[in-house]
Structures are given as structure tokens and as C-alpha cells.
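Peer 1: Sequence:
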Amino acid sequence: MRVKYVLNEVLVGLWRNVTMTIAMIITMSVSLFMLGASVLLYMQVDQMKDYYYGNIQVSVFLTDDVTEPQKAAIDQAIKGSGLIASQEYESKEDALERFKKLWADSPDFVDAIGADSLPESYRVKLTDPEKYDQFSQAIEGLPGIRQVIDQRELLEKVFEIFNAIQLGALGVAIFMAFAALLLVGNTIQVAAYSKRREVAVMKLVGASNWFIQAPFVLEAVVAGIVGAVLGFIILFVGKVVMLDNKLQALTTILTPIPNGNVWLMLPLLAVVGSLVSAITAWITLRFYLKV
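Going by numbering that gives the first Met the number 0, 6 is the number at position 7 of the sequence shown; the sequence numbering is gapless.
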């Protein structure tokens, strides 16, 4: 009987303050979406680091007037460094084929580039990427070498951007979570005030605090769970529409986001949304019932 009463009061309370309930759900869904996006981005950045740092290469670009004896000397110096896991020579024609694949979506740009515009190079994978300086010192300055580039430096700049986006998403999530807390607290206060006479009667007849508080706390929990589900739907649809169908086709930097990682966000957001809503409502009511 008590359970039925509590559930009935929850439904009545949600409907009585329907506009504030909708506002609370929307704010909660946005904040939880940003939280899920930041957590997912954190996981993805770690995955990308493992992938790219495990396949990192050093590019040794040659001058346009490099001679065959110079190339032989460079090849011998690379092999003799003792730091090489693998190496691959890339001719101008090979460089052009790679360029065409990278810029396949810009045919006009590809047509404007010829093989003579791209340099010959060696693509070298080190046994230990941390020993790049040692490798670079061993071959830099040899005749025929234009530039030695460590891909790790380029990747670190890219990951700095991703880390900044990650922190920005987390900051927005925290800001929206604070707004959601205020809305939850305000909604519960309004709901409790509208039922102040019933609460007073229940206290007079000896009803326990948990029995009085339960309908209000459950209202907040329901709103938090609904907000979590909406936030997850936005996150999942955004992943499918933006990353799978759009951004993934435009860049080779992003590694695919596993659907399993996205589905992990659903229980995470539901737990966070329900706990935050319940705790906020409970604290608000503890203060209200002491008045």
C-alpha cells in the first residue's frame, strides 16, 4: 500500500510541476551528454595514442638533386644506426600515390600536384621512438638529406588539441551539472511547498522523514534517469551521424569509436544522473523539513 502511495505521489508530482520537470530533464540530459562525450573522448584519445605511437615513423626527406651514391650512403647510415625496426624507401611516384589516397575527396587539388612536386623519402620505424634524437644525430647533415621529421612531434600537437577539447567538454559538463543541481533543488522545493499542508499533517501523525521524502526524491531520480537516456540517445546518434558517416570520411586521424564504448555510457550516465538527482533532492528536503 505504501509503495503504491509513493509511486502515485511521484506521478502526481511530476505532472503538477510539468514545466519545471521538463526543464530539469533537458538540463540534465545536456549536462550528462557533455559528461558522456568527455569520457568517451578521453577513452578515444588513449586508444589513438596507443595506435599511433605504436606505428610511429620518422620521415627522412631527400633533396631534389640527390644522387644515387648519396642515396646509397643515406641508406647505409640508416641501417647502420642500430635503431631501426623497419625502413621503406618512397619514390616520387609512390609519394604521389599516397598523396592521391589522402586527398581523394579533393580531385582538383590532386590534379594540380605532380610527382616532381613531392620529395623522395625513407619511412623509418624505430625500435624505440624515444631514441629519435640519437637517430637524427646519426644521419642529419649527410649530403642529399633535406629534412628529418619525427611524426611523434606532429602527433603531440594533434593530441594537445584533443586534450583541450576534452577539458572543454568536461568544463561544460560541470557547468551544466551545476545548473541541473540548482534546477533539481528548486523543483523539489516548489513541489514540497505546494504540498506543505500534507507534509505538516503527515509529520503530526508521526510519519517518518523517509516516507515523506520518498516521493520527492523519486521524482528527481525519474527526471535524472530520463535525462540520462535522452543524453545517451543524443550521444549515440551524434556518433553515428557525425563520426561514422561524416568526419571519418574526411580525415585519417580519427580511429573508429567502438560501439561497445558508447553503450558503456548508458549505465554510467544513468547511475550519475540518478545519484546526483537523489542526493540533491535529499539534501534539499533535509533542510526543508527542519524549517
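Any given hint could be a false lead.
[Said to hold, decoys possible] The calculated label-pair distances, taken between Cβ atoms and stated as ranges, are:
(1) GLU96 / GLU67: 21 to 29 Å
(2) LEU141 / GLU87: 16 to 24 Å
(3) ILE112 / LEU166: 19 to 27 Å
[To be verified] Heads up, simulated DSS-like pairs for lysine-lysine below, C-alpha to C-alpha not over 30 Å straight-line:
(4) LYS238 / LYS130
(5) LYS124 / LYS70
(6) LYS156 / LYS238
(7) LYS124 / LYS99
(8) LYS78 / LYS48
(9) LYS124 / LYS48
(10) LYS156 / LYS91
(11) LYS130 / LYS156
(12) LYS70 / LYS238
(13) LYS99 / LYS48
(14) LYS100 / LYS124
(15) LYS99 / LYS70
None of these hints come from the bench; they were simulated from the model.
The beta-carbon is built from N, C-alpha and C at its ideal position, and this holds for glycine as well.
Peer 1: Each hint: holds or not?
Peer 2: For each hint, the structure was consulted:
A hinted range of 21 to 29 Å holds for the C-beta pair GLU96 and GLU67, which are about 22 Å apart. For LEU141 and GLU87, the hinted distance range of 16 to 24 Å is satisfied, since their beta carbons lie about 18 Å from each other. In this structure the supplied range 19 to 27 Å is violated for ILE112 paired with LEU166, their Cβ-Cβ distance being about 37 Å. Between LYS238 and LYS130 the alpha-carbon distance is near 37 Å, which puts this suggested pair outside the 30 Å criterion.
A threshold of 30 Å between alpha carbons decides the hint, and for LYS124 with LYS70 the separation of about 18 Å falls inside it, so the pair holds. A threshold of 30 Å between alpha carbons decides the hint, and for LYS156 with LYS238 the separation of about 24 Å falls inside it, so the pair holds. Among the hinted pairs, LYS124 with LYS99 is consistent with the structure: their alpha-carbon atoms are about 23 Å apart, no more than 30 Å. The hinted pair formed by LYS78 and LYS48 meets the criterion: a straight-line CA distance of about 27 Å does not exceed 30 Å.
A threshold of 30 Å between alpha carbons decides the hint, and for LYS124 with LYS48 the separation of about 16 Å falls inside it, so the pair holds. At roughly 27 Å between alpha-carbon atoms, LYS156 and LYS91 fall within 30 Å of each other, so this suggested pair holds. Proposed proximity of LYS130 and LYS156 is supported: the alpha carbons are some 19 Å apart, at most 30 Å. About 46 Å separates the Cα atoms of LYS70 and LYS238, which puts this hinted pair outside 30 Å; it is violated.
Under the criterion of a C-alpha separation no larger than 30 Å, the hint pairing LYS99 with LYS48 is consistent with the structure, at around 26 Å. For the hint pairing LYS100 with LYS124, the CA-to-CA distance comes to about 21 Å; that is within 30 Å, so the pair holds. Only pairs whose Cα atoms come within 30 Å are accepted, and LYS99 paired with LYS70 is accepted, the gap being roughly 25 Å.
When held up to the earlier numbered hints, the structure conflicts with 3, 4 and 12 and fits the remainder.
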